[in-house]
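Chemist: Residues per chain are reported as follows:
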Amino acid sequence: MIDLLIRFLLFLYPRDTRRRFGPEMRLMMCENFTQSSRGVILSSAFLLRDTLCALPAAHLTIWMERIGLSPKPPPLRYSKPQEQPMREERESVVYGMVRDIRYAMRSLLKNPGFTATAIAAFAVGIGANAAIFSMVYSILIRPLPFSEPQQLVLVEGTSPERGIEKVPFSYPDFKDMQRLNESYADLAAVWDTPFLFTAAGTSTMWDGAFVSANLTEMLGVRPVVGRTFRESEEANGQRQAILIGEGLWRRQFGGDESVVGTTIVLDGTPSTIAGVLPGHFRFPGTTEVWILLTEDRMGPREHRHLSLVGRLKPEATEQHAEAELNQIALGLSELYPDTNGDLGVRVRSLREGVFGNEKRPVLVFYAVACLLMLLACANVASLILARNESRRGELAVRISLGAGRRRLLQYVLAESAIVAVVGGMLGVALGWYGRDLLLALRAVELPYYLLPEVRLDVLFPIAGVVMLTGLLTGLLPALTVTRTAPNRIGRSAASRHSEGLGASRFNAALVSLEVALALVVLIGTNLMVKSALEQRSINPGYSPQDVATLRLQLPEGRLLHRAERWEFYRQVLDEVRSHPAVASASVVSRLPSNYQTDPWPIVVEGNELSGSGLLPQYLYRVCEQYYFSTLGIPLIAGRTFESSDADKDAPAVAIVGAEFARQFWPGQDPIGKRLAFGDVPTADDGVWINVVGVVGDTYNIGYGRPLEPTVYIPWSDFAPMRTYLVARMESGAGGPFPLLGERVRAVDPEILIWDMRTMEQAMFETHWQVRFYSWGLAMFSVIALILASTGVYGIVSHAVTRRLREYAIRMAVGADGRAILGAVVRANMTMTAGGVAAGLVLALVVTRFMARLLFKVHPVDLSVYGFSTGLLIGAALAAGYLPVRRLFRIEPTTVLSEE
Amino acid sequence: MEYFCGVWPCAGRCALGDWMTTSSAKGTKSLTGSVFFILLALADGDRHGLGIADDVAARTEGEIEMGPGTLYNALRKMLARGLIKEAKRRPAPEQDDPRRRYYRITKKGLEAISAEAARLDRVLAAVREKDLLPATKRS
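Note that the protein sequences, when read in sequence, are chains V and R. 1 is the number of the first residue of the first sequence in the working numbering; add one for each residue after it. 1 is the number of the first residue of the second sequence in the working numbering; add one for each residue after it.
No lab work stands behind these hints: they were computed from the structure.
Computed list of lysine to aspartate or glutamate pairs in DMTMM-like fashion (alpha-carbon distance at most 25 Å, straight line):
hint	chain 1	residue 1	chain 2	residue 2
1	R	K85	V	E31
2	R	K85	V	E65
3	R	K88	V	D16
4	R	K107	V	E65
5	R	K88	V	E31
6	R	K85	V	D16
7	V	K72	R	E111
8	V	K72	R	D46
9	R	K108	V	E65
10	V	K72	R	E116
Sequences are here, hints too, so could you generate the full structure?
Modeler: Here it is, written out as structure tokens:
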């Protein structure tokens with residue numbers, strides 16, 4: 001430290017002063033510390049003050065001497081004070097390092113090919129890994145952002161006898177379970193559903209959820225402003241209480257604290273804002289408004305909407321908690337056989353519940369990331385090894401000139417270090433933007449606990465590992481050279497073949513490893529891409545082109561009767577259809593996309609379930625007669641709805657999807673069969689509905705999922721308050737939304753219009769995950785291909801350079817250039833073939849774990865295996881050919897004279 | 001004894017003060033404090049840098065403490081003006097430190113210090129005449 005201070009102070013003086021008096025001044029400064037009784041701090045202060053006072057004069061004197069205003073002191077001759085040897089050495093280490101770095105920079109700039117490849121390998125290796133690991137971290141490792149998240153569980157209802165996996169709970173079920181259980185510290189209920197917020201004539205949709213009063217406290221969330229719900233508010237008769245998220249609060253209310261206690265209108269219901277929850281808390285999903293569950297709102301035991309979240313007592317296990325709730329559910333089904341039937345309970349950790357669907361694809365990403373990491377390390381290692389290998393001759397010369405081992409290591413390391421540091425920095429930046437790139441591939445807003453997060457404690461270890469690989473491999477040739485006698489290295493450097501074969505074998509093995517890893521990555525990712533393509537090639541069951549959709553909400557408090565609404569919608573449709581740009585238009589309760597499922601218990605005549613139990617639920621859509629023609633859903637049998645179906649005394653009719661017909665009436669004509677909603681109709685309650693037609697199936701929840709049996713019922717039977725307007729536009733009409741909005745408002749200016757999108761957008765949002773994973777993986781397969789190719793290129797290029805002399809001699813004595821080319825390509829192919837063989841074996845093992853992720857693609861899909869192998873061999877050949885091209889331009893005399 | 005260069009807040013101990021020697025009417029330059037004391041230290045015999053600084057500190061009872069910057073700035077000026085020179089003779093090898101350099105006063109230096117002493121003597125006489133010397137210093 002003191003030495004550093006002295007160096008610094010001396011550095012401030014003019015060079016001439018340092019040259020003449022430097023050693024003396026240094027000695028005096030040292031003695032100032034050793035001999036004075038002042039102590040280090042006061043001595044330092046004294047030297048600092050002295051330097052500060054003396055500097056201006058010192059520089060002024062030199063300047064005046066230079067311009068001749070002041071006489072120059074005579075040269076000092078009689079003593080040439082020597083530096084302390086140790087100090088000189090230390091100084092030379094610093095200066096040597098600077099010199100080495102400068103030298104390395106120059107030499108790197110002279111070899112832009114190597115430099116760019118190595119830096120790119122570092123950057124891509126680190127960047128790709130950082131991007132994936134940040135995603136893996138957020139899904140597999142990061143704790144859920146709630147207090148003590150390991151105790152939180154998701155409670156789901158099941159119906160084992162009917163084979164239904166997820167059955168929501170009713171409010172009375174929830175209350176009973178909350179009251180009777182002993183393993184839970186707390187049990188809360190949520191019902192995830194959007195809300196329409198209306199203020200000053202405009203409406204917006206908010207992501208919202210009904211929640212029980214205890215949810216916020218159970219998850220450990222404190223309000224930013226105001227309070228959370230009170231248990232007492234769950235009782236009837238209270239005005240609806242809500243909590244809003246901080247983001248919404250700032251966006252909608254400008255962060256005004258006085259908004260707490262005021263009343264807003266949600267879904268037409270006046271609601272009082274009780275408090276504001278912190279912006280980081282959005283649960284479930286992307287919820288921003290929480291509405292208190294109340295008994296009167298949730299209705300009786302057959303109204304099932306709720307999911308349960310619980311906090312286990314510290315001593316309770318998931319198994320025990322599940323067994324206990326199943327016991328309670330059994331009691332409930334004995335008490336209420338009509339509604340609870342065979343209701344069972346499954347308990348999973350909340351993490352499992354939230355990330356269950358994401359885990360497997362992410363694990364594939366994780367595996368790819370690990371392979372890419374290995375690939376990047378091998379690539380960096382082979383590049384630097386090859387580079388330093390070719391410098392053995394130069395190192396030998398340095399040794400024979402007396403360079404010390406440490407000095408030599410330093411020299412060699414400088415180059416690797418520069419490449420590692422620059423590549424590392426680029427990689428970190430790439431990792432950062434890679435995450436953004438991954439995010440750009442998604443189409444919908446993700447819950448915040450799913451968002452990938454670039455963390456330094458994830459990023460730096462990755463960067464560290466790759467950079468360390470570079471540094472260590474940089475050391476290797478320097479160590480081997482310094483261990484060998486200089487004359488031997490000199491000889492081998494001069495002959496540039498036969499010797500050092502061990503190292504080149506090592507290089508070849510590295511390249512084979514790279515090829516193997518790259519092949520595994522390629523096959524794995526190509527399987528996924530093929531699976532994604534298969535999914536995309538599926539006919540969704542409708543033609544989304546030129547179809548515009550928007551949601552309509554009828555004004556609150558008006559059009560209370562079904563007939564009024566039906567009449568109103570007819571007017572709207574007439575108005576819309578009258579526009580020349582509209583080819584056809586219709587209304588439907590739910591679009592065939594966006595996971596819009598709305599299951600309802602449906603009974604089929606002749607297939608009624610004996611005994612009590614939960615009724616199986618099926619999708620239903622309420623639609624107007626031209627819905628099928630507007631969306632291009634084909635009619636398979638029978639007829640579509642007709643306007644006569646709306647007649648008062650007309651029999652109730654329904655149309656079923658092909659899958660529904662297949663499940664219930666296989667091999668029979670479904671026309672004329674009967675079904676019923678809710679329960680088996682009795683003489684005085686309910687009606688049988690006649691099936692009049694069969695239409696094609698549509699994919700509602702993503703390709704590759706099983707088709708869902710669907711029932712369509714005519715619009716005239718329900719005419720709901722909220723609906724989708726779908727309109728097929730004449731092609732090239734462009735900008736359909738203003739036009740449609742204008743037409744709708746012409747009928748009633750008070751109608752709310754929101755959620756405008758084309759059918760193609762809606763479809764895309766349904767299937768974005770497929771695109772996300774396939775594009776992400778395709779990106780990585782390209783990276784793997786590039787990394788492997790650069791590895792091959794580096795090694796072959798290096799091998800050709802090393803053996804240039806040998807080839808020149810061969811050509812000088814009459815060898816054919818093609819024969820030599822053949823030899824090089826053969827060597828390259830041996831190297832690649834080894835890697836390909838190993839890669840194929842590895843891929844056979846690895847892809848078996850992917851079977852469940854693949855859609856209509858076998859894990860050992862020969863076309864994918866063939867394509868990937870061909871691609872890799874092609875890339876390796878091309879990468880190997882580039883350096884070989886030099887052979888054709890060889891002038892043997894030039895090469896030999898260079899030696 | 002204080003010499004103020006008037007520029008730096010270092011109470012005249014700075015090297016700028018040494019540089020700002022003033023010319024007298026006779027054409028000889030009067031000496032600043034640092035230069036005067038360095039010459040005084042060298043009047044006894046050859047000394048190295050640290051030896052000079054120690055001598056000055058002892059002579060002024062620690063009032064003037066020269067750091068390496070001040071000392072070598074002054075030495076440089078004095079070498080250039082020929083007031084001192086580098087000593088050829090060094091102590092016996094066992095007492096010698098090769099890093100040190102020894103300085104010797106020149107004839108010109110001796111003349112300068114005598115002239116300065118005479119000037120100071122005249123100053124002192126004038127002060128005594130007016131009885132301005134503090135009682136403590138008179139002894």
